Structure formats: C-alpha cells, structure tokens
Amino acid sequence: MALRIPLVAPEIRDSIRDFLYLESLALDERRFRDWLSAFAEDARYEIPVRVTREKLAEWELSPTSRIFDDTKQTLEFRVERLETDFAWSEQPPSRTRHYITNVLVEPTDKADEFRVHSNCLVYRSRGDEPNPSIFSAQRKDLLRRAGDSWQIVHRWAAIDQSLINAHNLSIFI
Amino acid sequence: MALRIPLVAPEIRDSIRDFLYLESLALDERRFRDWLSAFAEDARYEIPVRVTREKLAEWELSPTSRIFDDTKQTLEFRVERLETDFAWSEQPPSRTRHYITNVLVEPTDKADEFRVHSNCLVYRSRGDEPNPSIFSAQRKDLLRRAGDSWQIVHRWAAIDQSLINAHNLSIFI
Amino acid sequence: MALRIPLVAPEIRDSIRDFLYLESLALDERRFRDWLSAFAEDARYEIPVRVTREKLAEWELSPTSRIFDDTKQTLEFRVERLETDFAWSEQPPSRTRHYITNVLVEPTDKADEFRVHSNCLVYRSRGDEPNPSIFSAQRKDLLRRAGDSWQIVHRWAAIDQSLINAHNLSIFI
Amino acid sequence: MAMPGVSAGVEQMLREMREGVPEGRVPARIFNDREIYELELERVFGKAWCFLAHESEIPRPGDYVTRYIGNNNIIVARDEKGEIHAHLNMCRHRGNMMCKSEMGNASHFRCSYHGWVYKNSGELIGVPYFNEAYERKLQRKDWGLVKVRIDSYGGLIFGTLDPDAESLADYLGGFQFYLDIYLKQGLGGSEVHGPPDHWVAETDWKICAENFSGDGYHTPVAHQFGFHLGYFASSGATHSKGWAVHIPGKGHGIGLGHTPGMPPFFGYPDELVKQMHESLSPGQLELFSKTRTAVGNVFPNLSFLIQPLSLEPGDPGVRFCTMRLYHPVGPGRMEMWSWCLVPKDAPQEYKEAAYKAYTLAFGQAGTFEQDDFENWIKVTKMTGSTLARGVDFPYIQGLDREPLKDFPGPGYAVEPYVTEDNFRNLWSTWVRYMMEGE
Amino acid sequence: MAMPGVSAGVEQMLREMREGVPEGRVPARIFNDREIYELELERVFGKAWCFLAHESEIPRPGDYVTRYIGNNNIIVARDEKGEIHAHLNMCRHRGNMMCKSEMGNASHFRCSYHGWVYKNSGELIGVPYFNEAYERKLQRKDWGLVKVRIDSYGGLIFGTLDPDAESLADYLGGFQFYLDIYLKQGLGGSEVHGPPDHWVAETDWKICAENFSGDGYHTPVAHQFGFHLGYFASSGATHSKGWAVHIPGKGHGIGLGHTPGMPPFFGYPDELVKQMHESLSPGQLELFSKTRTAVGNVFPNLSFLIQPLSLEPGDPGVRFCTMRLYHPVGPGRMEMWSWCLVPKDAPQEYKEAAYKAYTLAFGQAGTFEQDDFENWIKVTKMTGSTLARGVDFPYIQGLDREPLKDFPGPGYAVEPYVTEDNFRNLWSTWVRYMMEGE
Amino acid sequence: MAMPGVSAGVEQMLREMREGVPEGRVPARIFNDREIYELELERVFGKAWCFLAHESEIPRPGDYVTRYIGNNNIIVARDEKGEIHAHLNMCRHRGNMMCKSEMGNASHFRCSYHGWVYKNSGELIGVPYFNEAYERKLQRKDWGLVKVRIDSYGGLIFGTLDPDAESLADYLGGFQFYLDIYLKQGLGGSEVHGPPDHWVAETDWKICAENFSGDGYHTPVAHQFGFHLGYFASSGATHSKGWAVHIPGKGHGIGLGHTPGMPPFFGYPDELVKQMHESLSPGQLELFSKTRTAVGNVFPNLSFLIQPLSLEPGDPGVRFCTMRLYHPVGPGRMEMWSWCLVPKDAPQEYKEAAYKAYTLAFGQAGTFEQDDFENWIKVTKMTGSTLARGVDFPYIQGLDREPLKDFPGPGYAVEPYVTEDNFRNLWSTWVRYMMEGE
Ligand code: FES
Ligand code: FES
Ligand code: FES
Ligand SMILES: [Fe+3]
Ligand SMILES: [Fe+3]
Ligand SMILES: [Fe+3]
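Residue numbers (this note's numbering), protein chains in the order written: chain U, 1142 to 1314; chain B, 1142 to 1314; chain E, 1142 to 1314; chain H, 318 to 755; chain W, 318 to 755; chain L, 318 to 755.
Isolated chain U (complex conformation) (with noise of 0.2 Å):
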C-alpha cells in the first residue's frame, strides 16, 4: 500500500532524526563552520526555482534553474563570506529557526547511505520589522554514515513558493 515505504531500524532513524536537529541547531545559532562539517567532501546543496504551472505539467521545479546550486567548496565560499564584516545582507544577521517535521528515512541500495524526506519551516526576522519571512520547504537529503555521527551528501530542499517573499536569501534551508 502505498502509504507505505520500507523504514528503517529506530535507531537509525532517531539518530539521524538528531542529527538533522543538530545541524539545524548550527544554523540558528550562526556557527555556520559546524554546520558546514555536517556535509560531506562530495557534497551537493541544491534548491530548484520553482514555476507556476498547470496541473498536469512536465514539471514544476525547473530542471535547469536553481536559487542555490552549491557544492561544498561554493558553500565555504558562502561561509567564508559570512565570516567576513562586509556580509551587508547579514548584518545585523537575520534571527533564524528552523522547524524540521515529519521525518522520513528510507534505505538505499548502499548499507550506510538514507533517504531522508523532512518538512523544514523556516522563520526568519530581521531588524525591527515586524512580520517575518516564513520559508516552506520539502526537503529530500542523502545521508551517509560517518563514524558514530551522519554526513549529508546531497541536500535538495524545494521552496514551496513560486514568487518569493523575501527580499533575498542569505540563510541556508
């Protein structure tokens, strides 16, 4: 039935589920080096550009347009960046949290790499402007077993807006 998938051993799936809150945790404490270990060498970040489109279309996230279309090395350039007093976009930083729900893990073919389908809701405030920026994403990563801890090897988030509401994106999903 197809409201089923094969899920995996608790453990594995609680560890990776705290991981994912770890690495949020990162994120919004703006330690964006620890974040950056939680990917791997090989590692792809990715959010497509989403389009507007009829019912039964093609496809709706553009298969060739990317609002982030980063390796690990493009990442470090972002962070490096951050790290630096002219990242005018975060300065003063944007008050950032992110809600991570609704945390699927799915086998693969490879013993130590998952399947990781999660909700992540971004909230995000700046300065003294009084409404948010609130961000949907659904988020499919691949995650691979590193020592007692995980790795993410591809992160592909897909914003749930086809017009953004922000005026721009100087955070991470």
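Since the hints were made in silico from the structure, they are not lab data.
None of the values given here were measured: they were computed from a predicted structure.
Where is the CB? At the ideal position from N, CA and C, for every residue including glycine.
Certain hints may be false.
[Stated by the list, open to error] Chain E stretches covered by chain U per the calculated footprint, using a threshold of three residues with CB under 8 Å from any CB of chain U:
1) 1144–1150
2) 1186–1198
3) 1236–1243
4) 1253–1262
5) 1271–1283
6) 1296–1309
[Unchecked claim] No more than 30 Å apart at the CA atoms, straight line, and that leaves these computed lysine-lysine pairs for DSSO-like:
7) U:K1213 x L:K661
8) W:K454 x L:K567
9) L:K464 x E:K1196
10) H:K464 x H:K567
11) B:K1213 x U:K1196
12) H:K558 x L:K458
13) H:K668 x B:K1213
14) L:K454 x U:K1196
15) H:K458 x W:K591
16) H:K436 x B:K1196
17) L:K567 x L:K364
18) B:K1281 x U:K1281
19) U:K1213 x E:K1196
20) L:K454 x H:K558
21) H:K454 x H:K364
22) L:K454 x H:K722
23) L:K668 x U:K1281
24) H:K558 x H:K722
25) L:K364 x L:K436
26) L:K436 x L:K458
27) B:K1213 x H:K661
28) W:K722 x W:K591
29) B:K1281 x H:K591
30) E:K1213 x B:K1196
31) B:K1196 x H:K464
32) U:K1196 x L:K567
33) H:K436 x H:K454
[Claimed, not checked] A short list of chain B residues far from chain U (calculated; beta carbon distances all over 10 Å):
34) S1178
35) A1184
36) R1185
37) L1197
38) E1201
39) S1203
Knowing the structure of chain U, use the given hints to seat chains B, E, H, W and L with the ligands on it.
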C-alpha cells in the same frame, strides 16, 4: 497528574507517527488516491465551524456547523473531482506542506484502535501570490490497525480561526 | 565534532518529548492549573528582551530586560488572574497552538536533571481577526525527574523578534 | 455639477456607466478600486437595507449576534420582552467594543474599559463615579448605544443606516414572492442549521452579487466537474432553460433554472412538498415546482441558492438551501458568510442530508464554492490593473427581449434562464446609489 | 480659508472639534483615520518636542541608539567629547540607512552602499574616489547627516524637527515639577533598568496618550482583577480620590491617585524615601508622598507611571516606575516602547523587586498592560467605522469645577483624581497643532 | 498649468526636479511615495517600451509565458505560425484571468468562468450559448483579448501600452550597440538558461535601475567581501577605470569597467571569443574586449550585467551574464525577475560553469545580489520618511566633464567608469515622462 495520559508502547507510537507523516506526504505530493487509501471504509472526516465566544461559553466549536462533514464516499467525490481537468480551485494546484507535530497516542478500549492527538500546521501557496495561507489545526484522530499499517477511522481537525483567512479550502487537513 | 552532543537514553528523550507535548496541550486547551503543575516549586520562567545588534555585539538578548521574569508564585498570579472574569486580554480567549519541534535532550551533572532544547512556534488567533500572530522561540528548559514524569525547573524562551508583532503577550510560550 | 468628494476620473466613469448599462456596457474598473470601495461604504452600505441576521439565530431573550453593515459592527439582540434591537457595537463613552463575541446571551452589556453598562435594548443604565466624576450631570438618556433602524421579512432581519430609507417592504418591492422559495420551505418555514462559516477572500463583493443575481451562464463551465461526473441534475444541452426575474429599479434579481423531465420539487422529501402546498401560493407553487435551481440576490449583498446535489452520479439528488452575505472589507476584498437554511418541519434525516449536501457543494470547502471563488479572485485581480480601466464588459444578453406576459410572479420576467437582464438592473441600481444626490 | 492639503471633511471636523472640546465634545474619528495620521506626522510630530532617549541609555562616548520621531529614524549618539547629537539615520549620498542596529558604540558610521563615512557627530569625513569621481568638487561640509535639534531635562533627551520650536523648557512649561517624581527617585536620579521592550499594536497612539494623561477612571474596571484579587492598593470606594493637573495650552497632564490611610511613599524602601527628602522640593514632597499612582503624559506621546504592585494579596506592595513612548506607524497603528526606570541609588534588591513588579504589571506581558491594549485595539477598530464618524464622545467630567487654590505645584490642578480636565487640555492642544498656521 | 490628477506637492517636486537634475540634484522622495508610484504606472509604464520576454523562453508554437507591464498581466504567446503576440491576460466577458500559469503551451485559451475561448493569437472564437443567450448578436471580432503592441531586438521582446509610442528602434536609439555585448555572446547569440527566479522586495524599482545604469561606485564597498577575499577581478585602486555611456534623452545607460592588465574577454572560453570576432563589429570588439564589467539598463526597468566571478581567490574567474527586470508592485515595493543568459553556441561545461557562477553571485541567493538588496530596502525605507521629503541627493560626478571624442560606440561616452552622467540622463528622462503632456 493531569499532565500524564496513559501512553502506549514506543513501537506503536512511532509507527503511528510515521503513518501520519506518510499520509501527509501523500497529500503534499498530491497522491490523492494514496491518501484515500489511508481511510477505513467507515471513516468520517470532520472539520467543525469555530465561533468566537466568551470564555465560559458552552461551546466554541459548533455542534451543528461543519466546514467538512465527510464520509469516505464524499471524500472520494472530492478526489474524483480533483482528478478531472475542471477542478479550477486547484488549477494550478496549491503547494501545500503539512507540518505534523506534538503527536500523542492514547490507547482506547479497543485493543486495535488508538486515539491520536497531533498539531497540524498547513502551509499553502498558490500561483504568484507572495503571501501563503497558513492554517493551524488541532487534530484528534481515531486510528485502527490494518495489517502492519494503520487506517484512519475518524479524522477530526479543528482550525484555530473563526474567520478563516483563505478564499477557499480546496485542500485537506 | 560540534554536531554531536552527548545524547541520552531513548526512553528518557521520548518521555521528555511527550511531557513537552502534554504541557503544550494543557496550554492550548487552557487548562492553566494543569500547566502550573508542570513547574517545580523553585521554578523560573524567563523570556529575555531581544535587541537588534551588530553581528559581533556582546549580546542580543538583554542581560537585564525581560518580557517575562517569573517564579512559580508569579505564574500563579497570572493564572489566578486568567481565572477571573476580568482578564480582558483573554476575553474572548486566544486560540493558541504550540508547535514543539527539534527536541534535543542533554544530560546535566545532576542525574535527575536534563537540559532540553526545543523550537517552539506559537500560532495565536483572536476574535475575527484574520491575521494570526505567529511567535517563534528557541527554548532551553531544565527538567527534573518527578516520579514517572517531569517538572520544569527553568523555562527559558527567546522570541526571535526584537519588535514583536502582537498587541500583548497574554499567552505563555 | 461635480460630485463632492469624488475624483474627476471616478465621476466620469460613473456618468458613462449610467449611460452604458442600458446599452449593455459595464466598466471593469468598478470591481477593484479603492475609491469605489470607499464611496460604496457611504453611498450603498450607508443607504441600503442590509441583512443582519436570521431570527432563528437569536431565538431566546438575551440572545445576540454581532454582524456588520459596511465596516460597522452591529449588535443584534433580542431583549427580555422578545423584541429585537440593533445597535452599533461601540461604547458611547470612548468607543470601546461592547460585545467581543460573535454570539452570546446577555441582558446587559458592560464595557471593559470604564464600566459603562447598557441594556441589550441600548439604554445606558450604569455609569461609574456618576457623582464623583460627573457630578450627576451626564444625561444618561442621551448616551445610549447608537441605534440602527431594523425591519424584517420572513425571519430575515435587515438594518439600514439611513433614517430616511423607504420601508423594507417597499425596498423589496415584490421580491418577497421569490424569497419565499427559500424562507417558506414547509409549514414551519426555514431556520439556520447552525452558525455561518465565514472567510476572507480577495474578491469584490459585487462579483458575487452579480453571479447570484442569476448567472446560470457560468454553471456548465465553472462547475463543469458536476456535469461531467453526473453530480448535478442538469446538462449543457438544456441548461439555458428556465426564467430570470428582477425588480426594476430595486436591484434584486433571481434566476430559476429548469431541467426538462424532472419531477416537481425533486430532491425534497414528499412530506415537505405536501407542506409547501399549504405554505406557498398557487402562483409560487406553479413556478417553484418547476425550478431546479433558484439563485437570487437581494440588493446589495444578500444571496440565496436552492439546488439539488447528487451523491450518486446520475440520481436527482438532495435539495439544499444556502444563504450568503458578501461583506466588503476593502477594495477587492470581502468576507464571505455562508449559512445553510433547513426546513424547520422537515424530518431530521432530511435536514442532515441537506446539510451534508450543502457542505459538499458550498461553504468554504464546498466543491462549487471553491471554483466560484477561484474565478472571482482572478476577476478581482485582473480588473484592478491600469489597462482594465479602459475596458467595458458586454451585458447584452436579452437586450431586446420582451418580458413574459402572464408570468405567475411580480417583476420583470424573461426567458430563458441564461440572460443578463437581471445584471443590467443590478448595475443601474448600483450606479444610481453611487450617484445619489447629484 | 481652506487648509492646504486637507480634505473638506477633515477640515470641517477639526473646526468643529476646536469649538467642541471646551464644551466637552471630541469626535471619535480622530482615533482611526488615514488622513488624520498623515497630517499628524507633519503637524504634530513635525513640530512638537518628541522623546528620543534617556541619557542612561548611552552612558559612554560612542554609544548610540536609533529612535523615531514620526516615521523618521534618528541616531542619538554621544560623541568622543561626551556631547550628545541626533541626526536622521540616512546617508546623504543616496539615502541608505547608516546604523542598522537599535544600539551600539561607534566613533564613525560608514555607509554600506558606497562607503561615505561620517563622524558620530554628523560630519561627512570620508568620500571614496573623491578625486576620480568627484574631481574634489563635492563640498563635504554641505553633506553631513541631517541634524535634529535636541535638548534635555532630567536625563530625558528630546528632539524636534522644527527649528523654530520654542525651547524645551518653555515647551514643558512647568511640567518639570511633576516629571521629577519619575526622574528624581533618590539622589542619583533615575536610570533605565535596561533596553525597552517594544511591540506593534493596532492602536492609535492618542488613545494611550489620553489614558496616561490621568485616566484614573478606567482602573477599577479595566484592571478589575487587581482590585478583585487584592494586588492593587486601592478600592473602588476611594479610587476617585487624588488630584489631576495639566499645563494649559501645552497639553501635558498628570493624575495623582491617593489611597486614604496609606503611609507616605509606601512601596519605596526607607533609605530611598530618605534620599527623596533631599532630591525633592518641599512642595513636591508634600504632594508626592501622598501619591499612590502618578500617571502622566508629556505631549504628544511620552508617558510615565509610578504605582505599587502587591505580590501578596492585600500588602501595600512594591513601587515601580515605567516610561513609555507611543510611536505612530500608521492609521490606528503604533509601536509601543516600554522602559522601567529605577532609582540609581536604591539597593539592588529593590531595583530587582521593582523590575519584577514592572514586568508583572507592564511591558508586553504585563497584566495591566495586556488589558489596556485589549481595550485600546477595540477602541481603534470601532472608531474607524463610517457610523463612528458622526459620533462625539463626552468629555464633561469636571467641566465647571474651579481649579484648586494654593496647590503646591504649577499648572491647572483640580480634585478629584478622576476627571477629564487634563483630556480637554490635551485635545485642545492637539487640535491647535493640527490647525497650525490657519 | 496644474497637472491633472497630481497633488500640488508632487507637481512642485517634479518641477524642481526638472530644474535640479542638470545641476546634479535629485529629490529623495521619488524613491518611496504612493502618489509617485501610481503616477508611474500611468505615465512611465503606460508609455514606455517594457520588456516582456526573451524569444528563447517560448521557442515552439503554442508556447506562452505570462508577464507584467506595470500591474497588467500579459500573455506572450507564439502562435501556430510561429508569430509572437501579446495580450492582456483578461477575459473580455467578465475579466477572469485566462492563463493562470507562468508558462505553458496551448493553441487556445478557455476561460474557466463562462467558457469563452480565444486563439493564442487573441481572437475570440468560442462563446457558449451563442444562440440561446446572445441570440447570435455578439460581434465576436469586437471581443478578442486586449492586444499589446510589441517589437523585438536581438531576441528581446518588448511591449508598450501606448499605441502612439515611437518605434522600438528609435526608442533604443543606438543602445543596441551596447546590448549586443549581452545578446550576441557567440554566433548563436544568447539564450536563457532556464526560467527566471523572482522574488518580492521592499525596494523601489528605480533604485535598481539607477544602480544598473552603471553604478561602479558602489562595488568596492557594497561587495567589499569579493575584493577582500579575492573573488572579484578588480581592486579598489583601479576600480574607477573604464567608461560610462548613455543615450541622451532616452534614459538608457551602461557602465563598462576595465581592469588594467587583464587579457581581452578574460573569463570566456577561447572558442567563444573566436565566435565573437564574427558576431561583433570591430568597434564593439575593441570596446567589449577591454570590458571586465558591463552593467547597463534599458529605460525604464530592464538591466543586464556581464562580469567574471572567481571560484578560487585571485584567479580571473568565469564570466556570466544576467538579465533582470524590476517590476513595480507598490510604493517602495517590487518584484525582482532574474535570468541567466548563456551563449547558445558555447560548450555545455562553460554554460554550466557560468550558471553556477551566476547563482553564486546573483539571483535571490547570490552573494552580490544579497548585499545589493539589503542596501536597497534600507534606501527605500529611509526615503519614505517625512524629513527625507526635504532632502536632495547629490548627482554631481562628472558634471562638467567633456564627452569622449572618437569613442567607438554611439551615445554620450565619458571616462572614467565611475561617474554620474548616466544617472542624470536617467532622471531627466524619467521626469520628462512623469510630466508628459504638461
Ligand atoms: S469606553 Fe466604555 S466605558 Fe469608557
Ligand atoms: S548611499 Fe551612502 S554612500 Fe551611497
Ligand atoms: S469571464 Fe471569461 S467567459 Fe465569463
Ligand atoms: Fe457558481
Ligand atoms: Fe490601564
Ligand atoms: Fe551591486
């Protein structure tokens, strides 16, 4: 102490929680037939009308008025409609994300049925409208064991608004 | 690696998580006396004032200013007030929903006390106002074992805004 | 000549509209414009008879509901003697809101700011520190709640902010004949099934008002799924059949859709039909028994619909009745209030079935309602653009048709059901209100 | 005769208000109207002395805070010499915001767009590519930050956008005597306990300003829980007792509530009371020692309150002092800024106790504050409706009372505490500003 | 004399601006003002040639995209014959939106309200109940979609709402020479890499338009991190070097930044450079080969940028090309549309590398874009305040410089890159549009 309810075995709680995640994934991926299959043949789906009342009013959720008052048959009516090319309210489709949190599972007097409390925040975005609709609901479901998965016997969801800030409810909660 | 904190036994983590869900259910169902009973006699309840500061400022959460600066006694003052017919700010009552996610439990040097991290999104709707207030907060609680349940020794919640978009805070986080 | 407080552009548009409507032209701009909205609050909602509540919503002494006329929040209360009163829900001392709930029961209202107390019939009876602060000089009788003039028909309570408005009976001007199809379902008449559900939509209230003045034209397309899946007892081939009636100069209009070959009053339980032979007049019986769909609007913003919905593809279905109010809250923005009216004396199981059919078709999650609002928010969006300001829409259907002779009911009646006569009457009435006094 | 840039309707309303206030009438409309709001930005907040900051918020050289006057964001900075300056927080090159934080410490401000650099005293001292781009032709001295005129009293820094405004001393016009109850708590005077908390409310700032000009009338009802549960040292029977004082023509007003039988300065620690015998004048001592509640407003939008709060039902409680600013951000919309002022030289445990009492009673989660704002948003909502536009509120309390002879302080003083004299002065001052120059 | 429908204040400001721009003064107020915004919709976006789409976005018959001119939603469709058409995306019957998607493929559009059907070339061809409802009297040919006049250059499709507007070629007035640097990357020209990403920003569109008219001045500061970390092939010392060109009276402007010592066309693959020796004219080659940064704007709101980005600190980097549209949606509010243009005939790996560089630098998450918008929302916020209304900004850079003799391209060209000549031309053009007809 009132903050303790008899809770159930961890496997059951986790399995039910995963089931709710799988159910909402079906909705958010618009696999409406899959979603229907989550309901028992004798299922009811109810969303009562909420009224702003004084603190001690006998009720805030109308005993007679409902936004949804469905059986599995009428849910199928709705799904069948969504499958046509003329369901304008979902053409282009809404982008929804169901954030399921605070899942608590209580035993009932039937060994194979459980009362499940959850909070459900629904993010919904349409077209190039930059402001999404955000629905907050308290859910109380009755779930029944079905083989090694579950079925919804009763979905009860109360939206936390009396004047709802959306032009329609062409989605499910 | 900075993304690893010493985590606790699954039963403890799950039991604490369920306790937090039960606590917020008491709030959302306005069982304020039940909610009070979740606090230890020596409990503190604190919400610091947040200030928009440059990236490297010594603090963003004021060391001296607080929105809530309560003991169990003053929380009881507030609850007692809510029980009168003259608590106009909650007449009619707010409709709240507490979304508790990202729960991480750390041991402390006391065997029966645990440091609990959680994200708390509070949805609040009043009257026929179509726009709800949405509060985002990082919580760091200190919980103490109390029989087969728990008590809050310290509730610390930092709201992720410096200019808060609500006419009052007549609710709890 | 110039209309005070009206911009040259809007005045010009209204003048042209007044000329254009009889020739079948209505400007797109009226459906989404801030100035039009503000003018409407004053000239339409400040003058017309506006729906407040159904008597069955406040059955007992002390019952009240809070409603709106324009942007004015109104308390509609039944006093201890059973008499109904309407007042602005605002304390006369400093303007606090008196009743903060949508409904309740109270003999008195006490203000939460300084404690002035009013009877539910509006009199000010309690003033704290009357001696110390007022030295007994405040004239209590001068400071009651602001009264709103009301009147009712068939359980419908209307109010008007205009003390000089004509009587409600004159205002309805014969439309009562048609309202009875909704209000006299059976001997006991109709009652609300429960409180309305209401929601906000980025829609101009007038788009809904026009649609429910008898837009049978949209049904086969906007609600195509119903035809396609067999849940609606009509077919594209015959859907235009039936009648359209309006009350000239009053703005009220109704469309009566007819499906050939369907039994009289199909979708109602037999015993209810029997009752209607007593509750309705012969002329009403003749007309209503042939009616599949009755979709009507009382100017400005109160609508009704009776229609069957099939739960099994192809079967005639169960008939339900909905009452709806389009409450303007901004340019191109409204609150929708939707009730289900059930026959008081019908069997409980029919009431339940009718209510289920209503929720499946109308109300915020109703499958017909959903599609209507999706279209309406788009109309609103598009008509707000600068290019749309130069555009007129065609309203020429039935432009030179003759009204029907010896039609059983009052007003201007035409065939077929699908026509735009009612809309022209709606818009010429609206523009008259908008240009009032000039 | 017509007021330039003012609609006929608003001008008419203001004229009638000018006549009506002395007779005890104020129009509801002023509390929620877009045109009134925009006019206020220009005529009230563009002319009056407006509060910026307390000196204790920027104690060290280089300290700055960013504040607002009307919708203008202002940097208030202490330069290296310790002198305080206020400037519009806008780069003169292309208008970028200079300081994006609420507070900080900097000797220079560098613009993040093109890099112009200003001293915290406002002078432009750095211009990139001065040779290549400007050929040295830009006159740096002409392009400093836009200066805002400031002056201070008792640690309160005020600014005005009107170069021709009277001096702050004249503007306060004797109200200093009463401000001292808040500013001279003990020998060291008062200081902020920490940064203010601030929040947005759908409230018109004037409702708050009136309330804090001495609305003792609302307390037993709006804050009834405090009386009911014994957390507030007053009783309905005696609550009207005390005095109300205002500065005619200036708009400032204060209410001084008195509870019979309470010890002088109850709720303060003894040593602080001892200090106040030095910090205050005999007249002040006589008056303030009898004062339970001191609730005052400096025109237009700065308020103060001293009041005791009991943590145990029935005990006299702890006295706290709050300072609040009502910052308008739209029609019927404001930002509330709330500080706690503590006596610099009081024992730390008293400061902590006073602050705890403050947070329990005021600030966004304060139990008194909560109820005030709930009432105020409702007043704002109701006064924005079309029917409210025709409504006046009664302001007749104390209309024909004589001012007190030989009252220890300046201004127009009356008995009892509960009266509306202060409000009439507030509104006649406000309407004079609004009609300025006509 | 008075400008109809314009307030005295704004008219006065525009008159002073018309005088001030040639002397180097521009009023802050134009960057955040409701009245200016509404006037722009009519006078700038209702008159100018506005960008709609790039031909490569609708390559096949039936392809369409929906875009905006001002607040008008426009369908840009390629018909079955391959011809491109633009129409207001509004049904002529009642104003419903025809295409609710951003892109798609359809030969016909069917309205979801009453079912009218139009060809993608705009003709009305289907009207339900044409006999029964319209008695065949509706003239279909009169009720096609509202046509928008279009023309194109180098793949760029522009539309104008003004039937009397000059031709696109005259409108561009020679700027085509410079546009070729973006549009003729290689023999196959440029194509979009995919659909644009777009987002909302509390920014006035004109701030972006000015910036991209050649604001080399901001780069070393606003994007200081790039210089600091070595990701951008320029240095503060030499950054002012290069040229600025504009088309007098047309408003178009471009800045061409030059980095001494860099190889010609650095950052492009060799084979692409080879192609450009064919696709470009000698004059273009001479100029473009020396260009590090080409940042230009077509009046009013279409911009382009070519620039290299280094992924390894210090290396010359990869050259990418972005096209951007600033779509106004309110006072101080816009939608940003950002495309990446890639050379059709370049190797796939270069296209990918260029796109990656684009996303890292521009687009909503681009590190350069992020900082620009952070500055721009702050400029917008500050210029909306009452004090800012009295403030002019200085635009004196290069005020008395002579244009370059024998510059290879058309228009008014000056040295260095960092100057404000282009901006003065932008603003004098803008104010002419705003005062049109008076
Ligand atoms: S506002 Fe109602 S008593 Fe004052
Ligand atoms: S805006 Fe400040 S330097 Fe240009
Ligand atoms: S609105 Fe398009 S057919 Fe009626
Ligand atoms: Fe319909
Ligand atoms: Fe109060
Ligand atoms: Fe830039």
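Which hint numbers does the structure go against, in order from smallest to largest?
As far as the earlier hints go, 9, 14, 15, 21, 29, 32 and 34 are violated by this structure, in ascending order.
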